[in-house]
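J.: From just these sequences and the hints, can you work out the full model?
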Amino acid sequence: MLIEFKSDYDKIAMGLLSYTADLKETSRLTEELDTYKNDDSRKLFLWRSEETDDLCAVLGIEEEEEVVLLRHLSVNPSYRGEGLTYRMLDELSDRYEGKTLMGTLESGSFVKKWQKRRNQQEELEQEVERTLTE
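Here the sequence shown stands for residues 1 to 134, where the numbers follow UniProt numbering.
Treat the hints with caution; some may be incorrect.
Below, in silico cross-link-like pairs of lysine-lysine (PhoX-like), each with a Cα-Cα straight-line distance of 20 Å or less [as the list claims (entries may be wrong)]:
id, residue 1, residue 2
1, Lys112, Lys99
2, Lys24, Lys11
3, Lys43, Lys116
4, Lys11, Lys37
5, Lys11, Lys43
6, Lys6, Lys37
7, Lys116, Lys99
8, Lys6, Lys43
Read the hints as simulated data drawn from the structure, not as lab findings.
T.: In structure tokens:
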């Protein structure tokens, strides 16, 4: 489940963000974390695994009037390949219902795959509904 970042999670958030290609240097990582703390339009979320209760992923957004821009998304390597990214983006989308989720050059591929998958699920649900009403 997505939980909002608190200062208590500084070290965990830094560790997870360090898996991001452009945040390998400690100074750059600290600078980015400070931006999330000090800029009201930016928010950082951690993902708590329901199975293990571990904080195993992080995502950072920039919220505008009609758009939520996914700036960072990073998953602990031990949790990759489990569909966690889709669940995180589903929950983020639900949290910011009515706003368009977009990605940066770095995160755009995640958002594109998620949107494609979500559209396919919606089409399947509509097809099932049509079949049941016939």
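J.: Hint by hint, which ones does this structure get wrong, listed from lowest number up?
T.: As far as the earlier hints go, only 3 is violated by this structure.
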